[in-house]
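**Q** One line per chain: the protein sequences are A and B, in this order. Taking this note's numbering, the leading residue of the first sequence gets 5, the next gets one more, and so forth. Taking this note's numbering, the leading residue of the second sequence gets 977, the next gets one more, and so forth.
Among the hints, a few may not be true.
Here are the computed lysine-lysine pairs in the DSSO-like style, where the Cα-Cα straight-line distance is at most 27 Å [stated by the list, open to error]:
#1 K1169(B) / K21(A)
#2 K1051(B) / K1238(B)
#3 K112(A) / K213(A)
#4 K1051(B) / K1100(B)
#5 K21(A) / K1051(B)
#6 K76(A) / K51(A)
#7 K1263(B) / K112(A)
#8 K150(A) / K1263(B)
Chain A stretches covered by chain B per the calculated footprint, using a threshold of three residues with CB under 8 Å from any CB of chain B [as the list claims (entries may be wrong)]:
#9 24-33
#10 39-46
#11 82-94
#12 104-112
Note that these hints are calculated values from the structure, not bench results. Computed from a prediction, not measured in an experiment: that's the story for all the values here. From the three backbone atoms N, C-alpha and C, an ideal C-beta is built for every residue, glycine too.
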Amino acid sequence: MSEMKRPNPLLRNLPAKLATSPMIFIVLVVFVGSTIWTVASSFTGIKTLPIFTPQEFYDNWVGWDQYVRLWKTPRWITSITNLAIYGILFSGFAFIIGFLLAVLMDQKIRAEGVFRTIYLYPFALSFIVTGKVWAWILNPAFGLEKTVRDLGWASFSFDWLTNRDMSIYTVVIAGLWQGTGLVMALMLAGLRSIDDEIWRAARVDGIPKWRTYLQIVVPMMRPVMITIFVIVASGSVRVYDLVLALTQGGPGNSSQVPSMYIYEKLFVGALAQGTAASSMLLLATAVILIPWIVVEFGKKSRG
Amino acid sequence: MALSSAAALNPSGAKPKPFFAPGRVLIYALLIVTSIYYLVPLYVMIITSLKDLDQIREGNIFVPTLQPSFDAWVKAWSQACTGLNCTGLAPGFWNSVFITIPSVIVSIAVASISGYSLANWPFKLAEWCFTILLVGSFIPYQVFLYPLVIITREMGIYSTLYAVIFVHTVFGLPILTLLFRNYFASLPEELFKAARVDGAGYWRIFFQVMMPMSLPIFTVAVILQVTGIWNDFLFGVIYAGPTNYPMTVQLNNIVNSLQGVKEYNVEMAATILTGLVPLTIYFLSGKYFVRGIAAGAVKG
Chain A
5 MSEMKRPNPL LRNLPAKLAT SPMIFIVLVV FVGSTIWTVA SSFTGIKTLP
55 IFTPQEFYDN WVGWDQYVRL WKTPRWITSI TNLAIYGILF SGFAFIIGFL
105 LAVLMDQKIR AEGVFRTIYL YPFALSFIVT GKVWAWILNP AFGLEKTVRD
155 LGWASFSFDW LTNRDMSIYT VVIAGLWQGT GLVMALMLAG LRSIDDEIWR
205 AARVDGIPKW RTYLQIVVPM MRPVMITIFV IVASGSVRVY DLVLALTQGG
255 PGNSSQVPSM YIYEKLFVGA LAQGTAASSM LLLATAVILI PWIVVEFGKK
305 SRG
Chain B
977 MALSSAAALN PSGAKPKPFF APGRVLIYAL LIVTSIYYLV PLYVMIITSL
1027 KDLDQIREGN IFVPTLQPSF DAWVKAWSQA CTGLNCTGLA PGFWNSVFIT
1077 IPSVIVSIAV ASISGYSLAN WPFKLAEWCF TILLVGSFIP YQVFLYPLVI
1127 ITREMGIYST LYAVIFVHTV FGLPILTLLF RNYFASLPEE LFKAARVDGA
1177 GYWRIFFQVM MPMSLPIFTV AVILQVTGIW NDFLFGVIYA GPTNYPMTVQ
1227 LNNIVNSLQG VKEYNVEMAA TILTGLVPLT IYFLSGKYFV RGIAAGAVKG
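Can you make the complete structure from the sequences, with help from the hints?
**A** Written out as structure tokens, the structure reads:
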């Protein structure tokens, strides 16, 4: 054997490895470690003190108890129902309105930049700001309801903000105002990536514009649309600040969302109950993510 | 012959679009109506903040006042109360500044270096971690809230400015790393190879070859992070500690704790003041902002 040793492969490009270590630390400790800890602790009975060792987990193990309790809690049922209403309506309307706006914007219009700026500026604002503005507009005593009544329509009623049955829909209204611009911008980028040749071919064949959109462009944009859907839907699972600023979860518990329930349980001494509820959101996200993972990682293997 | 005459009758190229064709009018009408819907809240917010309380009670929210006054703005900035504490939004503004600046710098530093490693010095572990990161970015924050309390407590920084900087770095990492990785990967490979041949190492190539060419992507990253961090509420409440509460938290506290007569004009002035920084950045940097948010959707 020669005296020259083969360099240790672990030490190859050492500066690169050292410089990337913060990212690796964050991924392994925060993203992977935290997720495992949260799911594991949801099967225990811990209240205020977190646990770490396998022995501690073994001692505190309660199986599915936290989940059974969770699904027997009326407030959780309300929260998860509200999340379903918000998630479906928000994602659905943001998707449809965003697409329609993008199609309008795609008609070689003048002042496109001005319109885009207007549609997208709410997205630059904090959910807290959005919530406060809409709380003011929807305030029955001073806002839209009073304004319309003052105009002479005395029986006009728009009290969703203070109406137990309707309060969650105000969150949808405010959320749409903030989020549709994003969908529009992403859809527009998708529309612009369609080859002009396809438009020309459709025109030569005499296919009307609306049919070209529905039957050719939309199917071609499927990967973009799935990505947008995942972004919008997984974002709506997290909804917290907006509800806090708009309705504070009220009136009563009528517009509570899961993240409020989780926040409360985590920090008032029902740790495992909070992590069980978080794990349910994780599950919901996993369901939403599946189509995206299929598209994103499927296309690479197809080459 | 017939073909050429037909071609002469039907000029090629896009048809010139008359401005007042019925279809075009409909398109513009729809665009303008929706624009109004998007603009109304901003308009209402501004005119409400310029009214006094009597004008608010008598008038309606859509009609501007004839005697605008900035009293509510002054009050929101320096006198509005949360409980017994009547300091206005100003301390929250400065807290947000002190949170945002270091968080933006640290998160971009970590992410740009990680993106550079992934693009030019890839190794297996880093690539696996990056895949986990992309999927992990969709996990609801609620899953990480308590573990991050534990982690920051173990690091000895919980409830300080450092904790909130750390948390913003963590949650900025997926999108920013993606942004930088894709950007560095799009630069011509010859540049990197030539620098290697000339004997430049990891850091030298980063600082002297890559960074000077990366101004646009750093701009996009800064805009993304400044607006995102400024608008954050949840992480500020949990990790920053009460003395460092950012502006969004203070806004929420002021609006929720106004005692006695509700001063809607002060609330709206406080709301505008909180939105002013991201709005200004947005209006000044339109294209870059769009690029930043689009980066999330156009994954490579």
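**Q** Work down the list of hints and note, for each, if the structure agrees.
**A** A quick look at each hint next to the structure:
no. : hint                : in the structure
1   : K1169(B) / K21(A)   : holds (19 Å)
2   : K1051(B) / K1238(B) : holds (13 Å)
3   : K112(A) / K213(A)   : holds (14 Å)
4   : K1051(B) / K1100(B) : violated (57 Å)
5   : K21(A) / K1051(B)   : violated (52 Å)
6   : K76(A) / K51(A)     : holds (18 Å)
7   : K1263(B) / K112(A)  : holds (18 Å)
8   : K150(A) / K1263(B)  : violated (39 Å)
9   : 24-33               : holds (count 8)
10  : 39-46               : holds (count 3)
11  : 82-94               : violated (count 0)
12  : 104-112             : holds (count 5)
Hint compliance for this structure: hints 4, 5, 8, 11 are not met, and every other hint is.
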